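Colleague: The lines below spell out each chain.
Protein chains: 2
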Amino acid sequence: MSKMKSWTAETIAIGSELLLGGRLDTNSLFIADQLAACGVELRYKTTVGDDLSDMVSVVKAALRRVRVVILTGGLGPTIDDVTREAVARATGRRLSRRKAALDGMTARLAEWGRTPTTSQFRQAMIPAGADILANPVGTAPGFSLVWKGAYLAALPGVPREMEPMVRDGLLPQLQAWMRTQKRLSASPMIRRVLHTSGVPESIVDQALVGLVPAGSTIQLGIFASPMEVMVSLTGPAGAEGAVTIEQMLRDAKARLGDIVYGEEEETMESVVGRLLNEQKLTLAVAESCTGGLIGHRLTQVPGSSTYVDRVAVTYSNRAKFEMLGVPVVVLDRHGAVSAEVAAAMARGIRERSSASVGLSVTGIAGPGGATERKPVGLVYVGLDGGPGEAMTREFRFHGGDRTVIKQRSSQAALDLLRRWLIKKGQE
Amino acid sequence: MSKMKSWTAETIAIGSELLLGGRLDTNSLFIADQLAACGVELRYKTTVGDDLSDMVSVVKAALRRVRVVILTGGLGPTIDDVTREAVARATGRRLSRRKAALDGMTARLAEWGRTPTTSQFRQAMIPAGADILANPVGTAPGFSLVWKGAYLAALPGVPREMEPMVRDGLLPQLQAWMRTQKRLSASPMIRRVLHTSGVPESIVDQALVGLVPAGSTIQLGIFASPMEVMVSLTGPAGAEGAVTIEQMLRDAKARLGDIVYGEEEETMESVVGRLLNEQKLTLAVAESCTGGLIGHRLTQVPGSSTYVDRVAVTYSNRAKFEMLGVPVVVLDRHGAVSAEVAAAMARGIRERSSASVGLSVTGIAGPGGATERKPVGLVYVGLDGGPGEAMTREFRFHGGDRTVIKQRSSQAALDLLRRWLIKKGQE
Chain A
2 MSKMKSWTAE
12 TIAIGSELLL
22 GGRLDTNSLF
32 IADQLAACGV
42 ELRYKTTVGD
52 DLSDMVSVVK
62 AALRRVRVVI
72 LTGGLGPTID
82 DVTREAVARA
92 TGRRLSRRKA
102 ALDGMTARLA
112 EWGRTPTTSQ
122 FRQAMIPAGA
132 DILANPVGTA
142 PGFSLVWKGA
152 YLAALPGVPR
162 EMEPMVRDGL
172 LPQLQAWMRT
182 QKRLSASPMI
192 RRVLHTSGVP
202 ESIVDQALVG
212 LVPAGSTIQL
222 GIFASPMEVM
232 VSLTGPAGAE
242 GAVTIEQMLR
252 DAKARLGDIV
262 YGEEEETMES
272 VVGRLLNEQK
282 LTLAVAESCT
292 GGLIGHRLTQ
302 VPGSSTYVDR
312 VAVTYSNRAK
322 FEMLGVPVVV
332 LDRHGAVSAE
342 VAAAMARGIR
352 ERSSASVGLS
362 VTGIAGPGGA
372 TERKPVGLVY
382 VGLDGGPGEA
392 MTREFRFHGG
402 DRTVIKQRSS
412 QAALDLLRRW
422 LIKKGQE
Chain B
2 MSKMKSWTAE
12 TIAIGSELLL
22 GGRLDTNSLF
32 IADQLAACGV
42 ELRYKTTVGD
52 DLSDMVSVVK
62 AALRRVRVVI
72 LTGGLGPTID
82 DVTREAVARA
92 TGRRLSRRKA
102 ALDGMTARLA
112 EWGRTPTTSQ
122 FRQAMIPAGA
132 DILANPVGTA
142 PGFSLVWKGA
152 YLAALPGVPR
162 EMEPMVRDGL
172 LPQLQAWMRT
182 QKRLSASPMI
192 RRVLHTSGVP
202 ESIVDQALVG
212 LVPAGSTIQL
222 GIFASPMEVM
232 VSLTGPAGAE
242 GAVTIEQMLR
252 DAKARLGDIV
262 YGEEEETMES
272 VVGRLLNEQK
282 LTLAVAESCT
292 GGLIGHRLTQ
302 VPGSSTYVDR
312 VAVTYSNRAK
322 FEMLGVPVVV
332 LDRHGAVSAE
342 VAAAMARGIR
352 ERSSASVGLS
362 VTGIAGPGGA
372 TERKPVGLVY
382 VGLDGGPGEA
392 MTREFRFHGG
402 DRTVIKQRSS
412 QAALDLLRRW
422 LIKKGQE
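Protein sequences appear in the order of chains A and B. For the first sequence, this note's numbering assigns the number 2 to the initial residue and increments by one for each residue that follows. For the second sequence, this note's numbering assigns the number 2 to the initial residue and increments by one for each residue that follows.
Looking at chain A on its own, in the form it has when it is part of the complex (with noise of 0.2 Å):
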């Protein structure tokens, strides 16, 4: 894989709860598109506690590694918050209170009737010729400066206080300050992505082998998960790149065919959304080993609600009888994980709702609930729109514990679900 030459931009979350806990990081990946947009690759990201050395360490790292550095967290006013001072330490400068930093926050707690304590004097505390990022929207000024050829910015950690900061203040800057930089150019980034669905991440990457020549600036991302293969391109956005990529995209989606189900921000349950929407189709759904997930998932779309009906979830054998009408000698006969249960949960949930097609679910998610003929993982799919419309499928997924059989199952129902509804479509 080649890599460009190209702006590089490392980020730095602050604090130790980052640390214990198992909190999303979204200020990153906010950063990260702002900076591709402007040319700059996110390429590391490091969190840190609270702890002083540690800060003055990891800003040291990073400013030797990339050029934009991005500090998020530990400008609060509490004696935890030592970032203004590990910014300090890592480049040399003095801190001293700036009477711009003071007034922005003296002004901001007024609005709200209050005037700031002696702890929020220590959010006016700024290293020696730092430029100030005002904060919009909370009291803790933000700040940042040029070092040794790197450009490094500290922002608060509360997203909807950095966000219109990185917006309004710190891209301008930096892109100013970019343009006098000559020695490096910088050059926009684009990524195109494809979803896949129902192989394994290793025939994906047999389908793609050649997709992008040696050398090419182009880089090809192959990036397995319980629901999904993901395959991305990314490139530069300038005139050449991008209609490399747009090409690339083409002939990736003609490798891969119909495991293809979206691109970009699509979601499965967003393009059936879509197909029963254009096909003007409504669905009703009958689960149970997946409990409700699949409804969970199609009711995640804006607006689902014109196309799904209802959703039966039977785990009891007892509810598929009374709920969709599953003869109890066919429950007896073939148990509950079974392809005519499966059919005729389907044609059960369809008949006894206005929808256009029926989908069911059924099968063993584990860990419990196995036998010798019928181990853990064992799915079965249904799918009925109506006479002549009915099908089953049988699944075995290995490996995984209840959470990854209940995602699975409901991403290979939504799967058959779509097949059948572009086949429909064509018709």
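Since the hints were made in silico from the structure, they are not lab data. Model, not experiment: these values are computed from the prediction. Treat the hints with caution; some may be incorrect.
Copies of the same chain look alike in the list, so a pair counts if it works inside one copy or between any two.
Lysine to any residue pairs mimicking SDA-like chemistry, simulated, CA-CA at most 25 Å apart [unchecked claim]:
| hint | residue 1 | residue 2 |
| --- | --- | --- |
| 1 | 375 | 306 |
| 2 | 375 | 302 |
| 3 | 281 | 367 |
| 4 | 375 | 113 |
| 5 | 281 | 55 |
| 6 | 149 | 86 |
| 7 | 254 | 278 |
| 8 | 61 | 31 |
| 9 | 254 | 77 |
| 10 | 281 | 318 |
| 11 | 149 | 66 |
| 12 | 375 | 301 |
| 13 | 425 | 357 |
| 14 | 254 | 78 |
| 15 | 149 | 58 |
| 16 | 375 | 112 |
| 17 | 100 | 304 |
Add chain B to chain A, keeping to what the hints say.
Modeller: Just chain B now, with coordinates in the frame of chain A:
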């Protein structure tokens, strides 16, 4: 906050998708907890893309600043997977194909009726002198080595593969090695966690003011997410420290009262499941705006089929009438999002099933569907446990998107059930 002398660690998450995507990094949280129990403190978390030279620089920096380095990801079969190569370069060792690694992989694939592909042979390339960490679930083996006084391990990024490898392979090995290192003594840390629901972070924060005295070696953490506010106490596991943590935990529980719904790994759905099991009660759920999320959450708990009878997701008014018997006149007069309909849904699902208790949710998850009198975030929860045991609650959730409102609605419904079950159990 005081800092104990202790073993220090860094996690390195590998994969360009982690830089670009906003995925929750649960791996480092799991590793932090496991290491803390051995007296190793996580001090840095780093994320780096699939670029070999970036990865080498990150591994070298980590080996300089901590004693334990845990890498996750980049062990797959594709050419993007360069963790093996990066560790080899950072430590100056050669890669060679290892028979034990190959045998483990071949055996795993044989269970699934497959043989290794050419690219999968790459997974058996291990740095010289490294020990193999067997992967009991997937095909990619991990490995560990000691380099200049530091312990380094490389593990798959998939949690269900990584977690057993940490527990069964890495930790016993690491602890054995730590005992041979005389210069540092390990002081095991423990962490205790409480989960609360129904109040904002600021209320929890206020309730716990003064819980941990100044100068204590114990750290209090308060972490807010859409469904809960989590409280943690972290400190030395030694006799005195552990006693203090348990005392503080009791104090915290007394201060927080019934907003605490669980401890440690407990979830709202597992707590509700335990209470239902203890009282030998069964549950039927009628969902509207949550779209199946309550069913999905309840059935995430292994063994939930003993108490979950059925779930009806009645997105359309017609489904509310047909599946639950909600009178058309009630729907017309009060609208689908009303206390009256929530009550009728809970009663309907209980009466039409054999379940002991019915739970219902109806609300406006947005972004569409709101009116002046019924804004996005207005949600009604109903519970019906039979004659004289029926109730509804109104919630107004502010400032969240569709996903967050679904999450908070499901949590509010399950919490109402939890409180009712606790009261019933005391009768």
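Colleague: For every hint, state whether the structure bears it out.
Modeller: To see whether the hints hold, each was checked on the structure:
Taking CA atoms no more than 25 Å apart as the test, residue 375 paired with residue 306 passes between copies only; the shortest distance there is 17 Å, against 36 Å inside one copy. With identical chains, the CA atoms of residue 375 and residue 302 are at most 25 Å apart between copies only, with a shortest distance of 20 Å across copies and 34 Å within one. In the homo-oligomer, the alpha carbons of residue 281 and residue 367 lie at most 25 Å apart only across protomers (22 Å), although the nearest pairing inside one protomer, at 37 Å, exceeds that limit. For the identical chains of this complex, residue 375 and residue 113 are inter-copy neighbours only, at 15 Å across copies versus 53 Å inside a copy, given an alpha-carbon limit of 25 Å.
For the identical chains of this complex, residue 281 and residue 55 are neighbours neither inside a copy (57 Å) nor across copies (51 Å), given an alpha-carbon limit of 25 Å. Taking identical chains as interchangeable, the C-alpha atoms of residue 149 and residue 86 lie at most 25 Å apart only when both belong to the same chain, with a minimum of 19 Å there against 32 Å between chains. Taking the shortest alpha-carbon separations for residue 254 and residue 278, only the intra-copy value of 24 Å comes in at or below 25 Å, while the best inter-copy value is 50 Å. For the homomeric pair residue 61 and residue 31, the shortest alpha-carbon distance inside one copy (23 Å) is at most 25 Å, but the shortest distance between copies (28 Å) is not.
Taking the shortest alpha-carbon separations for residue 254 and residue 77, only the inter-copy value of 23 Å comes in at or below 25 Å, while the best intra-copy value is 45 Å. With identical chains, the CA atoms of residue 281 and residue 318 are at most 25 Å apart between copies only, with a shortest distance of 18 Å across copies and 33 Å within one. Proximity of residue 149 to residue 66 under the C-alpha cut-off of 25 Å is found in both arrangements, the shortest distances being 12 Å within a copy and 23 Å between copies. In this assembly of identical chains, the alpha carbons of residue 375 and residue 301 lie at most 25 Å apart only when taken from different copies (20 Å versus 32 Å within one copy).
Taking CA atoms no more than 25 Å apart as the test, residue 425 paired with residue 357 passes inside one copy only; the shortest distance there is 12 Å, against 43 Å between copies. In the homo-oligomer, the alpha carbons of residue 254 and residue 78 lie at most 25 Å apart only across protomers (22 Å), although the nearest pairing inside one protomer, at 48 Å, exceeds that limit. In this assembly of identical chains, residue 149 and residue 58 lie within 25 Å of each other by CA distance both inside one copy and across copies; the values are 16 Å within and 20 Å between. For a Cα distance limit of 25 Å, the shortest separation of residue 375 from residue 112 across copies, 16 Å, qualifies, whereas the shortest one inside one copy, 56 Å, does not.
Neither within a single protomer nor between protomers do residue 100 and residue 304 lie at most 25 Å apart by alpha-carbon distance, with minima of 40 Å and 55 Å respectively.
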